[in-house]
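Below, each chain spelled out in residue letters.
2 protein chains.
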Amino acid sequence: MNITAAYTDLYQITMAQVYFGTKPDGRAVFDYYFRHNPFKSGYSIFAGLKDVLDILETLEFSSSDISYLEQKGFESDFLEYLKNFRFKGNIYSSKEGDVVFPNRPILQVEANIIEAQIIETLLLNILNFQTLIATKASRIKFSAKDGILLDMGLRRAHATGGYYASRAAAIGGFDSTSNVKAAEDYDIPSTGTMAHSFIQSYDEELQAFRDFAKMRPENCVFLIDTYNTLKSGLPNAITVAKEMEKRGDRLLGVRLDSGDLAYLSKKTRAILDDANLSYVKIVASNQLDEYVIKSLKEQGASIDIFGVGTNLVTGKPDAALDGVYKLAEYNDTPRIKLSENIIKISLPFKKQVYRMVDDNGMFYGADAIALFSEGNVTLMEHPFDTTKSLELNSFKHEPLLELVMKNGKRVLPSRSVTEISKYSQSRLKQLPNEYKRFQNPHIYKIGLSSTLKKERDTLINKHKF
Amino acid sequence: MNITAAYTDLYQITMAQVYFGTKPDGRAVFDYYFRHNPFKSGYSIFAGLKDVLDILETLEFSSSDISYLEQKGFESDFLEYLKNFRFKGNIYSSKEGDVVFPNRPILQVEANIIEAQIIETLLLNILNFQTLIATKASRIKFSAKDGILLDMGLRRAHATGGYYASRAAAIGGFDSTSNVKAAEDYDIPSTGTMAHSFIQSYDEELQAFRDFAKMRPENCVFLIDTYNTLKSGLPNAITVAKEMEKRGDRLLGVRLDSGDLAYLSKKTRAILDDANLSYVKIVASNQLDEYVIKSLKEQGASIDIFGVGTNLVTGKPDAALDGVYKLAEYNDTPRIKLSENIIKISLPFKKQVYRMVDDNGMFYGADAIALFSEGNVTLMEHPFDTTKSLELNSFKHEPLLELVMKNGKRVLPSRSVTEISKYSQSRLKQLPNEYKRFQNPHIYKIGLSSTLKKERDTLINKHKF
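Chains F and L are the protein sequences, given in the same order.
For the first sequence, counting from 1, position 246 maps to 246 in the numbering used here; every step adds exactly one.
For the second sequence, counting from 1, position 221 maps to 221 in the numbering used here; every step adds exactly one.
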């Protein structure tokens with residue numbers, strides 16, 4: 001499956017046809033934002049921007065898309081329009097890898113309303129998922145501290161979604177991936193040695209290790225739990241490690257993939273050290289996530305490298321980020337969507353978001369949303385609680401949304417996964433640790449400029465029943 | 001991203017290199033199976049086979065894959081082998097859409113060990129995910145009874161995994177999808193009308209409905225909760241429905257996307273009926289899953305059509321099926337993987353699975369696993385509990401694994417999603433309802449023939465410490 005403009009929901013095309021017939025030149029501003037951090041996290045890591053921009057630069061309907069839509073009964077003048085469809089709008093976005101928060105625009109699309117509508121689904125599809133996984137990865141990194149992190153989730157990923165999961169995991173702080181295709185296309189370090197089947201294909205585990213060590217002496221890691229970790233796998237690994245030493249090679253590590261990882265890793269470490277193999281690292285895998293790793297660390301597990309799969313690439317337990325795409329402006333007039341649920345009321349107008357940074361370069365814990373051309377915000381108000389406001393004069397105002405695409409073309413060079421990951425780490429350093437803890441993290445404040453709040457309230461009153 | 005043979009874990013290629021250098025002609029039999037039904041379900045629906053076979057028939061390494069692996073340090077004779085890599089093995093499989101259960105082979109691969117290893121990741125990646133989603137869809141259908149089911153999950157799906165999610169949802173019983181690309185490629189009915197943004201782009205909701213009804217009079221559904229469902233959306237929908245009647249058109253439905261769906265649907269039904277619009281259907285969406293739909297039904301909600309998104313396409317809350325791929329035979333000798341956890345001990349040998357069907361054509365609740373050429377099983381034994389066995393003479397034995405690919409080529413014609421979905425429904429009718437309930441469903445029995453059990457136990461003893 002190649003992504004074409006038909007990678008969308010049918011209602012986008014249905015609406016597009018009505019726009020085409022009634023107001024083909026309408027200009028829209030849409031906000032992309034999410035309502036809750038996933039995993040009860042205190043922050044999220046924004047990811048997926050590069051893929052969205054790459055796709056938008058060349059997006060079109062294929063001839064089979066057009067035939068399909070013709071069968072669906074769309075009319076010929078509209079199909080003619082779709083044949084020539086290109087995204088020619090502007091996109092203002094947060095930087096990929098940045099620390100972001102709920103209920104403020106992460107990205108804004110400013111385009112012809114037909115174009116903005118047709119791209120909605122793919123934009124949500126890519127950004128929601130990669131942001132989910134980058135956030136998960138970042139939390140796992142927070143737990144693992146200086147432990148090395150390997151993504152090995154492709155087999156349980158959501159089909160080809162696993163390709164994007166590996167990219168997002170690298171952005172969130174993973175050191176390498178098992179996913180060859182993602183490693184190749186996104187220039188992510190890749191690693192991988194052996195599965196149980198390799199050992200099972202031999203009559204003797206020892207011979208399996210010997211063959212492997214001879215053919216692949218570099219970065220050699222033995223999986224030691226096929227039959228019995230401490231009675232078979234580890235002694236055999238030590239035997240072969242000693243044989244490798246005689247050839248001038250060094251065993252990189254042994255991998256534990258079952259049993260109690262705290263107990264087994266400590267035992268394994270002691271046995272390896274006794275055998276003068278303190279350079280041999282211990283890799284652990286098996287249903288790891290940020291909580292299991294934290295608990296293993298607390299129990300003094302001796303693990304150098306963590307292999308994380310399913311829980312990472314599927315973003316368990318949340319499995320989705322609740323990102324939405326809401327109309328904020330149409331033909332220069334502000335637009336709003338009401339809801340009985342106050343958090344679901346959308347924000348009108350094209351906007352800018354400012355992050356407050358203190359004198360030490362640390363995030364103060366507040367992003368202020370203002371009208372696009374309003375400039376710095378002196379007083380930030382709570383979106384609904386009229387008793388709450390915050391003076392912002394003493395902070396540096398860092399504008400977060402920058403023009404990344406103009407008239408359908410990128411205006412900033414695309415960054416590598418490594419650069420984005422480094423940027424993400426540097427931004428996380430600016431975020432105080434109380435936003436990073438797992439239990440009831442501190443709540444980062446999002447507020448509105450007084451002007452935006454007043455204008456929004458006027459619109460609410462206009463539509464209120 | 002196109003799926004090539006590099007859509008795999010790096011360790012498959014590393015192992016392949018060692019096999020290539022030491023035993024390039026080894027023949028392997030691998031079992032694909034899972035250990036637990038997802039969602040605490042009493043059954044699963046097998047899906048994804050067609051995609052796996054399609055991919056395998058043409059799978060190869062691209063030239064950029066080869067360059068990448070060259071950079072990774074793989075040697076030139078092995079790279080030469082990879083350039084000519086094709087999957088030329090045999091596959092025995094359960095029928096796609098069948099009702100399947102944990103801890104019995106769903107599919108077996110019989111191939112050169114290098115080929116069998118390289119395809120492992122993609123096979124797991126596609127089958128695990130589609131089986132997860134088809135199972136979820138089937139449970140939602142069980143709740144919704146004769147309600148129509150729409151998949152509208154693409155925006156929150158795991159990137160391009162959403163394409164396969166829509167296919168699996170259709171197999172599990174969904175009637176249509178919002179996903180244009182999946183509908184086009186897999187010939188699934190597609191539907192979609194309007195989003196909130198469409199209404200917001202107008203100064204007045206009424207005008208939005210009017211424009212839409214004129215341009216799209218067929219299958220017209222108004223979204224009525226943008227400002228206020230009962231005070232604005234519904235009255236405006238009724239006004240336009242009456243205007244449509246004068247032109248000889250009929251409003252298909254109204255959609256509720258927020259608020260209490262039981263309360264609002266009953267109110268809406270009554271108001272529509274009072275307006276002589278009893279033909280107008282009610283569509284409901286907003287975080288639905290099998291439990292919410294069951295509860296809405298129990299409370300007498302008046303909903304004709306359910307739109308289900310995130311919970312369906314992400315397979316929440318499980319987000320993954322725990323399917324594995326285990327070596328069962330190598331060069332005609334049986335192979336086993338042990339574990340401290342008894343459920344993780346693999347089954348040796350190439351095998352057949354028989355389903356017991358009673359005189360009424362209903363599933364008795366037992367699948368028996370036997371050696372491949374053993375034939376009918378007269379006595380089925382519990383895999384580990386020696387006190388439990390079952391006489392099977394009185395049942396019809398239905399063999400479940402059929403040869404679907406021989407020497408890398410399909411030997412059975414591929415079936416459409418509609419055919420697979422119908423087959424799945426017919427198989428579910430054969431499954432007694434006690435396996436379908438959500439709370440503690442009856443446990444379907446999986447057992448071994450006496451011969452298989454004896455041979456397996458011999459192997460366990462051989463490797464025991």
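Bear in mind the hints are in silico, worked out from the structure with no lab data behind them.
Among the hints, a few may not be true.
In this list, chains with the same sequence are indistinguishable; a pair is considered to hold if it fits within one copy or across any two.
Heads up, simulated DSS-like pairs for lysine-lysine below, C-alpha to C-alpha not over 27 Å straight-line [what the hints assert, rightly or not]: (1) K297 x K145; (2) K464 x K344; (3) K462 x K422; (4) K40 x K388; (5) K464 x K95; (6) K242 x K83.
* To do: List, from low to high, the hint numbers that the structure doesn't satisfy.
  => Numbers 3, 5 and 6, in rising order.
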